[in-house]
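Can you build the whole structure from these sequences, using the hints too?
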Amino acid sequence: MKYEVASTILNKVGKEVILFGDKLIENSGQWDNYYQVQKTEKNWEYSLIYSERKDAPKKKVIKIFSNEEIAVKYFFLKQLSSHYYLNFVLPTSKNEVDFTKEIVEQKVSVLGIPSSYYDFKDKRKPSSIQVEKNNENNLIVQFIGNDQQIHLETLPLEIEEGYEVMYERIYLLYLLKTLEKELMNSNILSSNFTDEDICEYL
0 MKYEVASTIL
10 NKVGKEVILF
20 GDKLIENSGQ
30 WDNYYQVQKT
40 EKNWEYSLIY
50 SERKDAPKKK
60 VIKIFSNEEI
70 AVKYFFLKQL
80 SSHYYLNFVL
90 PTSKNEVDFT
100 KEIVEQKVSV
110 LGIPSSYYDF
120 KDKRKPSSIQ
130 VEKNNENNLI
140 VQFIGNDQQI
150 HLETLPLEIE
160 EGYEVMYERI
170 YLLYLLKTLE
180 KELMNSNILS
190 SNFTDEDICE
200 YL
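The opening position of the sequence shown corresponds to residue 0 in numbering that gives the first Met the number 0, with each subsequent residue numbered one higher.
Among the hints, a few may not be true.
Claimed, not checked - PhoX-like, lysine-lysine: derived pairs with alpha carbons at most 20 Å apart:
#1 Lys-122 x Lys-132
#2 Lys-106 x Lys-120
#3 Lys-14 x Lys-176
If you are wondering where the hints come from, they were derived from the structure by calculation, not from laboratory data. Computed from a predicted model, the values in this text were never measured in an experiment.
In structure tokens, the structure reads:
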């Protein structure tokens, strides 16, 4: 993904970023910490900048890439996920005390999310979120890729937390796939997000 494409899409969905040549930064406010992706002498860095009023900004390098498009896509996916979570997912889940299977089904139904995005019975639907019972008290939340294999899974979670994480990831996946379709139809993207991309995003 090119710098200009990432910048255009993120700003279009409401996540403000600023492009300075070969550096793309999160526009988070004058004294707030922010993420950036930047070209260095030999590589590209994804880093967190600690920006405090009294001190000079400090940089924490999180990941180093040897390829520009992979680095920019990583920044894009992380920023998009954070934006969607804070502005869409969290407001619909924060007031729920105890998540259950029924609550997950009710919430995704209200949002109009098709059942192809999730499963409770280990059917391994392509590109979906499913839960697997670890024991009577724990669930494992999994992302199933297009090859119907497990590409990402959580540690065992308590039942309520497991269903909450499941709901959040279903909604995140749905938002990404909806955006993907729009971008493909408008020729902004030339290929779908890979299973690996979705793992980074989730």
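Against which earlier hints does the structure fall short, listed by number upward? Result: no hint breaks.
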